[in-house]
Each structure stands twice: as C-alpha cells, then as structure tokens.
Amino acid sequence: MDKTVITAIFKKDIKQLVRTKNLFVTLIIIPLMFSTVFPVAMSCFVLFADVGSMMDPAMLQLIDKMITGLQAGTMPELNQKFFYIFTNYLYPSLFLLIPIITSSVIAANSFAGEKERRTLESLLFSPITIRELFAGKVLASFIPSAAVSFISFIIGGIIINVTGFILFEKLIFPSGKWLVLILCLSPLVMMMTILLNVIISAKVKTYQEAQNIGGIIVLPVIGMLVGQLSGLFLLGIELMLMISAGVLLLNVFLFYWIMKFNNRNSLFENQIG
Numbered sequence: 001m002d003k004t005v006i007t008a009i010f011k012k013d014i015k016q017l018v019r020t021k022n023l024f025v026t027l028i029i030i031p032l033m034f035s036t037v038f039p040v041a042m043s044c045f046v047l048f049a050d051v052g053s054m055m056d057p058a059m060l061q062l063i064d065k066m067i068t069g070l071q072a073g074t075m076p077e078l079n080q081k082f083f084y085i086f087t088n089y090l091y092p093s094l095f096l097l098i099p100i101i102t103s104s105v106i107a108a109n110s111f112a113g114e115k116e117r118r119t120l121e122s123l124l125f126s127p128i129t130i131r132e133l134f135a136g137k138v139l140a141s142f143i144p145s146a147a148v149s150f151i152s153f154i155i156g157g158i159i160i161n162v163t164g165f166i167l168f169e170k171l172i173f174p175s176g177k178w179l180v181l182i183l184c185l186s187p188l189v190m191m192m193t194i195l196l197n198v199i200i201s202a203k204v205k206t207y208q209e210a211q212n213i214g215g216i217i218v219l220p221v222i223g224m225l226v227g228q229l230s231g232l233f234l235l236g237i238e239l240m241l242m243i244s245a246g247v248l249l250l251n252v253f254l255f256y257w258i259m260k261f262n263n264r265n266s267l268f269e270n271q272i273g
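When we follow this note's numbering, the leftmost residue of the sequence shown carries the number 1, and every step to the right adds one.
Don't read these hints as lab results, they were simulated from the structure. It is possible that part of the hints are untrue.
[Stated by the list, open to error] Cut-off 27 angstroms, straight-line C-alpha distance, at most; resulting in silico cross-link-like pairs (DSSO-like, lysine-lysine):
{"#": "1", "residue 1": "15", "residue 2": "3"}
{"#": "2", "residue 1": "3", "residue 2": "170"}
{"#": "3", "residue 1": "177", "residue 2": "12"}
{"#": "4", "residue 1": "203", "residue 2": "21"}
{"#": "5", "residue 1": "11", "residue 2": "177"}
Predicted, not measured: the structure shown is a model, and the values here were computed from it.
Starting from the given sequences, assemble the full structure and let the hints guide the process.
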C-alpha cells in the first residue's frame, strides 16, 4: 500500500470532518458531557449533599455489598464509598462511550458520507486500491477519536483527583483499572467500532442509515453499566483484560474481512447501485 495515498485520504477526511459542523460539534459536546458534566455532578453530590438521606435503602445495601473486600476499612464515610464505586466501576463504563460514539460518528460518515456528497465515484475511479482507501479512512476515524478520548481522560481525571483529594487526602486517579481501560480496552473497542462502521457504511446508502445501525454497538456497554448497578458483577482488571482479548480477536476477524474488499466493481455496485 502507498503511504502517500493513505495520507492524502486521511487528510481529506479530516478536512471534511472539520468542515461538517454538525459532526464536529457532536465530537465536542458528547466528550465534554461524559468527561466534565458527569464527574462534576457526582463530585457536587458527594461533597455537598447528604448522600445517606437521599438514597434508597436497597441502594445503600448494594453499595456496602460492592465495597466489601475492596477498601472498606479505609472508607468509613458513605460519600467516600459512593465516589469510589462511581470512579472505579460505574464511570469507566460511561467513559467507554466516548471512544465508541466519537469513532462511530466519524466512521459512519466514511463511505456513506462520500455517497451523499457525490464524491465516492471519483474515489473509486481514481488510481488507488481498495485497501488504501479503507486504510486511510480507518486512520481518519481512529486518530481523532483517540485524541478526543485521551483529552477527555485528562479532563475527567483532573476533576476526579480534585474531589478525591478532598475526600481521601490523596490522588486516586488513574488506578490500575483506568490504565487498562485507556491503554488497552479503549483503543481496541475504538478500532472494533471503526471497523464495524466502515463495513456498515460500505453497504448502506446514507450516513443516517449507517449511524442508526452503528448505534447498536453501545448496547453492550450499557449492559455492563446495568450489570454493575444491579450487583451482578464488577468491572475489574481481570474482566477488562478478558474483554480486551475477545475484542482483539474480533478486530482481527473484521480486519481480514475488510481486506477482502478488493473487488472495485463489487464495491462500486454496493455504493452507487
């Protein structure tokens, strides 16, 4: 594959991303909401509200159950326990939506967006290979999504550490769980989302169709959040590593599937026909 061609496709998609105001605004608002609004709201709750009186007894029992065997001895206060559970178990699932949503909206705009802008024909008839086309678009989705996720990680971490220092008199972020999330699970899930959306976008006619189908990817993450809230399981380091291994295998399968898209005429029919 020609790196110059891939770079040109990458730059073209990035320029189009910046010019598409609705898409660009989405990539700012969603990460800000998950990295700023949720941590600030939780910080205000544990610092200024009477946590015990505002929570259902069943929820209080669930918190005690979740905290058992973790660090219960060092957290005598309910607000400490609640913030610890939020930071290390609930918020990671919410944070994982940032790379999924950002990479999904960019990747869904890959081929479907080209079709709506009537620019796909020129790409398919240009002297580039299908593999170069896919590689450029995958990079144009992954790199901005990774940058947004890392910036969100820094912003959220600052807020968590400020609150954590008030509650625990020490910095509590990032924990080992968060390092596994940001360095291992998040990039793998991001790549999976991009590969799935590139495949979907190559088969549908509009960006909206691609986005609607690609939105299904968030359901497993919501399931993880619900499972933890119900007390079925906790998202620990071991479980994160197991999920990462599964996602890695899926990515390898999806990558080889995409590499089979080497028939220009077949892809052209899927897009234009």
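Hint by hint, here is what the structure shows:
Between residue 15 and residue 3, the direct Cα distance comes to roughly 18 angstroms. Compliance with the 27 angstroms bound is thereby established for this hinted pair. Distance restraint check for residue 3 and residue 170: the Cα-Cα separation of roughly 47 angstroms exceeds the 27 angstroms cut-off, and the hinted pair is therefore not satisfied. Restraint check: the Cα-Cα separation between residue 177 and residue 12 comes to about 36 angstroms, which exceeds 27 angstroms; the hinted pair is violated. Restraint check for residue 203 and residue 21: satisfied, since their Cα atoms lie roughly 25 angstroms apart, inside the 27 angstroms limit.
In summary, the hint linking residue 11 to residue 177 is not supported, as the alpha carbons are separated by about 34 angstroms, beyond the 27 angstroms threshold.
The structure does not agree with the numbered hints 2, 3 and 5 stated previously, though it agrees with the rest.
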